[in-house]
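Chains as they are written, first to last, in the working numbering: chain A, 1 to 142; chain B, 143 to 292.
By construction, these hints were calculated from the structure, which means they are not laboratory data. Backbone N, C-alpha and C define an ideal beta-carbon position, used for all residues, glycine too. Everything hinted at is true.
Non-contacting residues of chain B with respect to chain A, defined by C-beta distances greater than 10 Å in every case (computed):
#1 144
#2 155
#3 215
#4 257
#5 260
#6 274
Computed, partial: chain A to chain B, Cβ under 8 Å:
#7 30
#8 35
#9 36
#10 64
#11 65
#12 68
#13 72
#14 82
Pairwise CB distance ranges (calculated):
#15 99/A - 193/B: 36 to 44 Å
#16 172/B - 99/A: 17 to 25 Å
#17 216/B - 40/A: 17 to 25 Å
Here are the chains, one letter per residue:
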Amino acid sequence: MGASINYDEVEVGTELPAQSFPVTRATLVQYAGASGDFNPIHWNEAFAKAVGLPDVIAHGMFTMAEAVRVVTDWVVDPGAVVEYGVRFTKPVVVANDEAGAVIEVTGKVAAKLDDRRIRVDLVATSAGQKVLGMSRAVVQLA
Amino acid sequence: MPLDPSFIGRSYPPTPAYEVGREKIREFAEAVRDANPAYADREAAKALGHPDVIAPPTFPFVITYRAAAQVVQDPELGLDFTRVVHGDQRFVYTRPVRAGDRLSVTCVIDSIKSLAGNDILSVRGEVAEESGEHVVTAYMTLVARAAEGE
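If we strip away everything but chain A, and leave its shape as in the complex, we get (with noise of 0.2 Å):
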C-alpha cells in the first residue's frame, strides 16, 4: 500500500492537519442518495422537531465520514486505514440557511503500535460541543 508517512518519522502527540467541513441541508440530501438512508431526521424539519430533535440533523455516518478524512488526507493511501470507529455523542444540527453547519476535525497520534501501525484519536466538533467520542483509527505507515 501507498502509505506516504512513514513510521519512524512520526511520534505519540504529532498532530495530523485540522480540517473543517461544512455541511447544508443540500449536501444531507446528496448524501442520503448516496448512501441510501431517507431518514427523514436528515432532511425534514416538521418531522425531525416531531420526534424530539432541535432541528434536522446530519446523518451520524456523514459526519464520519468527514472525520477519518483528517487521517486518509494526511496518510494520502485510504487503504491505510485498517479499523476506524466512532460513537456518535451529539448530533449536528444543520440550519435551514447556506452556512448550515460545520464539523471542525482535529487528529493526534495516540499511540505507536506493532507492525508500523498508529493509532490516531479524532476530535470532531460542531457548534462547540462534541459529535463524536472515542473517534480512533488505527493506520498502517510506511
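Once you've looked at the hints, dock chain B against the given chain A.
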C-alpha cells in the same frame, strides 16, 4: 418489552452479492466532498497499489446497513425501529472495498443489553467477496430508547 437475550449469537443467512460499481464509489465520494483521487481515478489508485478505484472507509456501511435490515426488521426480535438511534460504528478492514467487488454480508447479533429501559443491540456484519476473501467487518450498535410510560 426488553429484547430477548436468547437472540445473542444468532446468525442470519449471507445476503445476495452487492456489486460495487466504479460510478457508485464516485457518487459516494462526491456526496462526502472527498476528492481523494484513489476513489475516482483508476491510475491514481493503481499507483497506490490497488487493482482498481477503492471506496472511502465508511462506504461499507451502505452495504452492511442494508443487510442489517434482516435483524432490525426480524419480527421475532421485535425491535421498535421508530425509537432507534445509531450508538456507535466501527470497521475493521482486511483491505479496502474496491470497484468490481461482489460483496455478501453475514449479520450476527453480538450482544443485547438492557440499560435504564433502553435496549442496546450490537450487530456485526462480516463482509466477504464472492471468492470467500474477507474484506471488512462492520460493528454497529443501535440503541432503542425506552418507550414513554415504561
